[in-house]
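Peer 1: What follows is each chain in one-letter form.
Number of protein chains: 2
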Amino acid sequence: MSVLPPALQNMVDAFGLLPGVGPRTAERYAYYLLRHASDTPQKLSQALQELHSGIGYCQKTFALVPAGQELSDLYTDPRRDKKTVAVVAEPFDLVALEKTGEFHGTYHVLGGLVSPIDNIGPEELHIAELVQRVDEDGVEEIILATNASVEGESTALYIQQQLGDRKVKITRLARGLSVGVDLEYADQITLGRALEGRQAI
Amino acid sequence: MSVLPPALQNMVDAFGLLPGVGPRTAERYAYYLLRHASDTPQKLSQALQELHSGIGYCQKTFALVPAGQELSDLYTDPRRDKKTVAVVAEPFDLVALEKTGEFHGTYHVLGGLVSPIDNIGPEELHIAELVQRVDEDGVEEIILATNASVEGESTALYIQQQLGDRKVKITRLARGLSVGVDLEYADQITLGRALEGRQAI
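From first to last, the protein sequence lines stand for chains A and B. Each residue of the first sequence is one higher than the last, beginning at 4 in my numbering. Each residue of the second sequence is one higher than the last, beginning at 4 in my numbering.
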């Protein structure tokens, strides 16, 4: 005998499909929606239905765009420098960089990172398109803004090799201490990188 | 200029309506659904649509039941002891008690706890129905299984007063150390309660 009515159990199970949502959290979400008989379930349901149909990918940068739009606004905007390209793994990484308000170049979304464990090889990422873009747009600087992880580093290395002897400056995000971090709590690899990349003041 | 396409931004906003879900978590959920073009968004959407229409309340215990069903299976089951009633605040508390597998009585869901801050008075809870049930079903024991919080305690006290001098045994869940807890880390109130309720071995 199930304790929950099927409609509620289905809701709990469906929320449980989201990443990092366990049974307790799923129950909490489901019960919240049940108690608050507002338009929240309706809003969520509508957003879910329109999610896949309303989104496309920029043909040049592979950033997310509204469905039907060919190029990202961040690429077509004349104020953005097409000769400086920040290479990121995922569309949301781009959002994080945009929030800094300090980058005025354009982006290139790889669509992931090289990861043999997850069966993602370099041919599944938009690396060939990046190389093509370097030639077409006359890119002068590529900022490899991948994660500071093993996958991020190896993907960056692979891209560097693919670019061969093209005359393009390749940089990567600085490694060092996060703002506000206590020296004594910083891990030794980060601290080592921070020392290696020390800057004159 | 928004960085995310509207369909995605709407999804992020909708997830942000769930309890405890901040912008980062909402983005994570939305992006997960976007990347995994499986049937997850469809499942979620369907469950959301059927959530409110598929659920009703037991007329006697106020537990959740499939829509159209008058009484909870937990109440109508002849193996359950109708003379022992566990009083809980919310329908999910009942699930927690059921999982112990050690309770064979019936339940009564209050639908909340007395909380002046949230503007919830005792008349908004199913307390009158509980008193009525005591008379109708000849209830012999009421287990006040409310939270061990101020609201839980005051609601329990109020129910006790409402039951007046009816010949019904009123108990509440034991207070004491959680299983596996180290004595030195237990808070002093809990430890005080554990001492107060010490048991002969």
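In short, the hints are calculated from the structure, not lab data. Check the hints yourself; a few may be wrong.
All copies of an identical chain are treated as equivalent in the list; a pair is satisfied when it fits inside any one copy or across any two copies.
Taking lysine to aspartate or glutamate pairs in the DMTMM-like style, the calculated list, with each CA pair at most 25 Å apart, reads [claimed, not checked]:
#1 Lys46 - Asp16
#2 Lys172 - Asp121
#3 Lys46 - Glu187
#4 Lys102 - Asp16
#5 Lys102 - Glu199
#6 Lys46 - Glu156
#7 Lys86 - Glu187
#8 Lys170 - Asp76
#9 Lys86 - Asp42
#10 Lys46 - Glu144
#11 Lys172 - Glu154
#12 Lys170 - Glu139
#13 Lys46 - Glu143
#14 Lys46 - Asp140
#15 Lys86 - Asp121
#16 Lys46 - Asp185
#17 Lys85 - Asp185
#18 Lys170 - Asp42
#19 Lys86 - Asp190
#20 Lys172 - Glu187
Model, not experiment: these values are computed from the prediction.
Peer 1: Does each hint hold? Answer for all of them.
Peer 2: Hints and how they fare:
1. For the identical chains of this complex, Lys46 and Asp16 are neighbours both inside a copy (19 Å) and across copies (9 Å), given an alpha-carbon limit of 25 Å.
2. When the C-alpha separation of Lys172 and Asp121 is checked against a cutoff of 25 Å, the pair qualifies neither within a copy, at 30 Å, nor between copies, at 60 Å.
3. In this homomeric assembly, Lys46 and Glu187 never come within 25 Å of each other (Cα to Cα): the closest approach is 47 Å inside a single copy and 48 Å across copies.
4. In this assembly of identical chains, the alpha carbons of Lys102 and Asp16 lie at most 25 Å apart only when taken from different copies (17 Å versus 34 Å within one copy).
5. Neither within a single protomer nor between protomers do Lys102 and Glu199 lie at most 25 Å apart by alpha-carbon distance, with minima of 28 Å and 55 Å respectively.
6. Taking identical chains as interchangeable, the C-alpha atoms of Lys46 and Glu156 are never at most 25 Å apart, the minima being 40 Å within one chain and 37 Å between chains.
7. In the homo-oligomer, the alpha carbons of Lys86 and Glu187 never lie at most 25 Å apart, since the shortest distance is 40 Å inside one protomer and 62 Å across protomers.
8. When the C-alpha separation of Lys170 and Asp76 is checked against a cutoff of 25 Å, the pair qualifies neither within a copy, at 27 Å, nor between copies, at 74 Å.
9. In this assembly of identical chains, Lys86 and Asp42 lie within 25 Å of each other by CA distance neither inside one copy nor across copies; the values are 46 Å within and 40 Å between.
10. For the identical chains of this complex, Lys46 and Glu144 are neighbours neither inside a copy (43 Å) nor across copies (44 Å), given an alpha-carbon limit of 25 Å.
11. In this assembly of identical chains, Lys172 and Glu154 lie within 25 Å of each other by CA distance solely inside one copy; the values are 22 Å within and 64 Å between copies.
12. Proximity of Lys170 to Glu139 under the C-alpha cut-off of 25 Å is restricted to the intra-copy arrangement: shortest distance 13 Å within a copy versus 88 Å between copies.
13. Taking identical chains as interchangeable, the C-alpha atoms of Lys46 and Glu143 are never at most 25 Å apart, the minima being 45 Å within one chain and 46 Å between chains.
14. Within a single copy, Lys46 and Asp140 get their C-alpha atoms no closer than 41 Å, and across copies no closer than 43 Å, so neither meets the 25 Å cut-off.
15. In this homomeric assembly, Lys86 and Asp121 never come within 25 Å of each other (Cα to Cα): the closest approach is 33 Å inside a single copy and 56 Å across copies.
16. In this assembly of identical chains, the alpha carbons of Lys46 and Asp185 never lie at most 25 Å apart, being 43 Å within a copy and 45 Å across copies at closest.
17. In this homomeric assembly, Lys85 and Asp185 never come within 25 Å of each other (Cα to Cα): the closest approach is 38 Å inside a single copy and 60 Å across copies.
18. Neither within a single protomer nor between protomers do Lys170 and Asp42 lie at most 25 Å apart by alpha-carbon distance, with minima of 56 Å and 45 Å respectively.
19. With identical chains, the CA atoms of Lys86 and Asp190 are never at most 25 Å apart, being 36 Å at best within one copy and 61 Å at best between copies.
20. Taking the shortest Cα distances, Lys172 and Glu187 never come within 25 Å of each other, neither inside one copy (35 Å) nor across copies (59 Å).
When the structure is compared with the earlier hints, violations turn up for hints 2, 3, 5, 6, 7, 8, 9, 10, 13, 14, 15, 16, 17, 18, 19, 20 and for no others.
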